[in-house]
Amino acid sequence: MAKLMFTKTHEWILVDGQKGKIGLSDYAQKQLGDLVFIELPALGAKVAAGRAFMNVESVKAVSELNCPATGFVLAVNNDLEAAPEKVNQDPMGAWIVEIEFESLCDCLMSEDDYKKLIG
Amino acid sequence: METIFEKSKKGKRCSSIKPLRVPTHTIKNKYTRGDLNLPEVAEIDLVRHYTALSNRAFGVDTGFYPLGSCTMKYNPKLNDEAANLPGFTQIHPSQEVETVQGCMEAMYMLSEQLMEITGMDGISLQPSSGAHGEYLGLLLIDAYHKSRKQTGRTKILIPDSAHGTNPASAAMAGFEVVVVPSNADKGVDIDALKALVGNDTAALMLTNPTTLGLFEKNIKEIGKIVHDAGGLLYYDGANLNAIMGIARPGDMGFDVIHLNIHKTFSTPHGGGGPGSGPVGVKTALFPFLPNPSIIKTKRSEFEFKFLESSIGKIGAYYGNFGVYIKALAYILTLGGDGLKESSVMAVTNANYLKKGIADLYPTEKGRHCMHEFVVSLEDLKAKTGVSAMDIAKAMIDRGMHPPTMYFPLIVHEALMIEPTETESKDTLDNAIKVLRELYELALSNPQALKNAPATTVISRPDEALAARQPKVRG
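These protein sequence lines map, in sequence, to chains G and B.
For the first sequence, position 54 matches number 54 in the working numbering, and the numbering has no gaps at all.
For the second sequence, position 315 matches number 315 in the working numbering, and the numbering has no gaps at all.
No lab work stands behind these hints: they were computed from the structure.
A couple of the hints might just be wrong.
Some chain G residues near chain B, calculated using beta-carbon distances under 10 Å [said to hold, decoys possible]:
1. 31
2. 55
3. 59
4. 63
5. 82
6. 85
7. 92
Heads up, the beta-carbon is just placed ideally off N, CA and C, and yes, glycines get one too.
Let the hints inform the model, and build the full structure from the sequences given.
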């Protein structure tokens, strides 16, 4: 069964076997405001746990997303290029990147712990 | 409102001349362009168009303009009078130096004054903006390390509260950016800094006071950590207005600085005029300054000096000359004591305003601010749904320019307020009254703020739509 986990930098990862879909938390999209551009990584790009791997741009700022796991990019959600607002509308539904990972970041926490963190 | 292009009617002219009594030539078609689509209007249409536009613009000559980190102080008209003197305007940068000695002396004087104010050993006036100055400063740092065969110094450390231009300039200059986190006091986290410095550190870029309007008390220790690792210390002069005549970046240990003379030294900016971002250096970096620099000879004449070791030119000719005259006029008008007093008043005004709203608009507790302060409306937003943006928009209806919003990013729902020294107590009292009323309105009738501004031609542009689907042609 897929398992949902969060980083303290407000990314979520839905883990299923050695694959994981990554998105932005509701808290993060609220803080960022309306997203206007999502710079998706290249397919096959190597990603490292806890390291920045892509940018999102909102009306307020450009922000880096940190990868919750080490591996490579398996798929990207191309719909978001034309419609980045989907992340604002449904942050937990609109996955951004899917990766195949070797290892997950030690920093991941459960949904309950994440909710405590953001208060 | 129609654009000047929409007002255009074929054949209309601002002026017409009588038929000439001398032979005329027609320029051959192959030398002309028919596709420029220049507007054709009568003089009265032209004047009305631009007068209407100026009526819709807001500047420091219109009203209170507390745009944090931008130092929108009043620009005395005396500065413009000086810059408009024919000796300063009826010249060309390619003229022989013997014929522009006065202009060269003015640039030399300004350089000397800026070095004295900042405690630096050399200066280049060339850069035409703050970011341009940052870029030059970083190129100088790179040249310095490379001249010492330190080719592995590729990283620039930048605090997470820094201006966005700092990482952008570092990346432009070919460096890798490393972010230094803030500590609980919103200063540089010393332990984190110690862990990040190394033999790959080129420099640390710092603004002091910081973007939160707080003085970085550990600056000496921070400087030592960076210098011990072989790196340099870079000063972003954005907030110099808080410390003129009181503390000098050169004495704090900074090796390279840039100034925003359009902010601190009162020359028009923000649509009002070109910027100017001189870069000051300590002796060790002097050889790399852009060519040419101005020197004074034994016979009190002024010459351009070209150095072999220079990184070259950074802009056209000698930078924005008119801005230098305005800044020099400002410095000479105030004198050393006056500059110090203006910094004291800038800090006093910011603290007065902060104190007047602190019970409603929470800010960094337990410390006086410097020339600006940052409030967070996170609680108000949670309680009422009214955001920092809504308060800022409502200020427009009350005759004020909004403060800087949503910056620095480490403060949520931020408003960054910098009143500057040129505002009177009456203006500050009115701002306090308005901000308090807006807070009460947020509690009693949040929707009223959501609809602001109501007094402007356009209320709220859809920023997200404009960014997602930009329409760049008519």
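Now for the hints, and whether the structure bears them out:
{"no.": "1", "hint": "31", "result": "holds, 6 Å"}
{"no.": "2", "hint": "55", "result": "violated, 12 Å"}
{"no.": "3", "hint": "59", "result": "holds, 5 Å"}
{"no.": "4", "hint": "63", "result": "holds, 8 Å"}
{"no.": "5", "hint": "82", "result": "holds, 9 Å"}
{"no.": "6", "hint": "85", "result": "holds, 7 Å"}
{"no.": "7", "hint": "92", "result": "violated, 20 Å"}
In summary, the numbered hints that this structure violates are 2, 7.
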